[in-house]
Amino acid sequence: MKKAIALALSLLLAVALAACSAPSDPTPPASPAASTPSSGSEAAPSGDSAPAEGTTITYVTLGDTGMNQLQKAAEEFEAETGIKVKLESWAYSDAYQKIITLCEAGTPPDAMYGFSGWTQQFKNLGYTVPLDDLISQELKDDFSKAALDVCTVDGQLWVLPSYMSIRSILYNKNLLDAAGITELPTTWQEFLEVAPKLVGGGKYAYSMVAGHPKNTLDCFLPILWAYDGDVASADGKTNGFNNENGVAALQVYCDLAKYAVPDYGEADINFTQNNFTTQTAAAYIHNAQGLAALADAGEDYSWAVIGAPLKGAGGSQYSLGIMDVDLVFKTGNEEAAGKWLEFWHTKDRMGDVIEQAGWVPNQKSFFERPAFTDPANVMVAPFAELEPLAKFKPTISSWEEVQKVMADYITKAVMGEMTPAEAFAEAGPMVDELLQK
Amino acid sequence: MKQANRRENLLNLLYILPMLAVFAAFIIYPITEVFNLSVYDRTSTGQYFYVGLNNFIKFIRHRETSRLLLNTGIWVFVGTFFKLLFGLGMALVLYQAFPGKKVMTGIILIPYAMPAAVSCMIWRLMYNPVFGHIGDILTRLGLISEPLNFLGNTKTSLLAVMIVNVWAVAPFCALNILSTLYSIPTYIYEAAKIDGAGSIQSFFKITLPLIASSMRTLGLLVGIWAFNSFDVIFMMTQGGPANSSSILVSNIYQNAFQFNNRPYSAAVSVVCFVILSIFALLYVRSKEGDVSYE
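Chains as they are written, first to last, in the numbering used here: chain A, 1 to 437; chain B, 1 to 294.
Derived by calculation from the structure, the hints in this document are not laboratory data. One thing to keep in mind: the hints can contain errors.
Derived lysine-lysine pairs resembling DSSO-like cross-links, with alpha carbons at most 30 Å apart [as the list claims (entries may be wrong)]: (1) Lys193/B to Lys258/A; (2) Lys197/A to Lys155/B; (3) Lys203/A to Lys155/B.
Take these sequences, add in the hints, and give me the full structure.
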């Protein structure tokens, strides 16, 4: 009896394993670009035909952003088109690795909210599709030029601009007054001159990040740009920071660290926001989110002043533009996903999320919402005014690696392991290699 | 007779065949795939191409490799040494009879029982340079002049993370050593006492030799776990700042999932596989040469 059971089990397993085994192709699994993608959702056949009623698409948002409005919009969309939108929410921190894994497995969602830094890489890897034929000219015309520029690669619109934030320097007027600083600095050098007055009694002049692989550049880029440096050269083939300008900018960053809240080595951008809202740091670079949080908590934030971006030695000044985007993946449901995004990108739906979050609208029609044009709304108006000065992170295929290399060497300089010149002399060739990959 | 033996062997093989099949499908096949992937690279458009040992050469030549290997060595060997040392200390204390022993045993177990996310959060708060009380105490004692960012400093981050890992795992070592201590017959100590042995002599001549085998095995297991685990590192520093607390495994994760650089990540995995194989071999051999006074 035992023998019979063992034999039967073995045969069953052998058959099951044989059925499950992969084809004997020695090469690693191909990316969706090279293989036929299959959607995790109930896919409609791909092609030029309109999405069929009854199709289900998956849309991913991050950190529950706009979930209430999305749910309402999904219901309205289904009632109008018969296409069901299955909503998912992922954590911001896991989003990249999760979407990469799903794309490699050939089961990405149909559309998702992500970051402009992914655009080039996802395009190259064949994960996403261009959107020119999936959305109307009317919607395209509604976007600001800056937003469209960030989302366009090789003349095609590869992602749709979604949430945009403009970051500039914010000051704590109370701390400035207490230090006897009556005029806001206009250059980074001027800021460094007054910074020592702002340090003492548990208070610091500045809050910054030097270590976090992503947020270090969020804090450093406005300084690098102000000093006429950049991540990459104009042709995108070599780095743009291993030069006099870049080293000067890094020197400023190292000097700022002397007067900064000493948590910058482990800080992410939320630490800096917290240091500012708890009035520990007199200045930092961010958008209105910190103030919006104070407003939500019913706390006074009248002490916060939004300053113009500080200038570098040559007089350049830039605010940091952060562009979040909507992506459509190759799943066979591209048309339905495009329709959904068109439906979602309206002033009453996405516009409502932007208004609540304190972001800057990037669609002209959104300004029809009174809150966006109200001069008393300090959450939006001062930042919207800075949009012409906004510069966005570059669209680079190896962006995740490039920003990690830069962040590591900026950190080494800030921590005193290397001089700014040494740090960028080492980081430069590494970034060159990544850019030329 | 011979034929009967062969039949018996075949039958035995049949019994373990299901397990072998599962092992082949879930262990051998993925490992083979990793080895396979390690000799490929891919273009930015996702096309794979054969590169031979290039990924390994790249790993050896990479600026951060020496740091990664050094960090991994410190993380595994120094960490394991202190886990065993503190574990032994705690076990020896708990081996004695004293009032409140059960409560003390419970308290000692808390760090091990606590979810890693919770302990990391607690330690991050304690390490915080602005409001953390470790820095505050050290400043008050005059040991440091200004707040030190333990986790955010390239010189202290690995040490700070290792302290948390030792704190969390030492109780597990203590429990294991304690159970071995209880297995030593008391008459051996009694006989030694009659022969005039003091407590220090008893420890070095009886206790240590008798628990050495179990501690060796425990050390190897804890070392292998340490080699493979980076949850504490990930939650506390993400390997930073500037890779100062990165180890090989966190580098694999980073390349595979943050940079989407899977072939290179596979090559580093193969290196880890070789190192771990040595550990496994040592583990198997650790059972040889045990001391017994029975």
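Worksheet entry | Violated hints, by number in ascending order, as checked against the structure | 1
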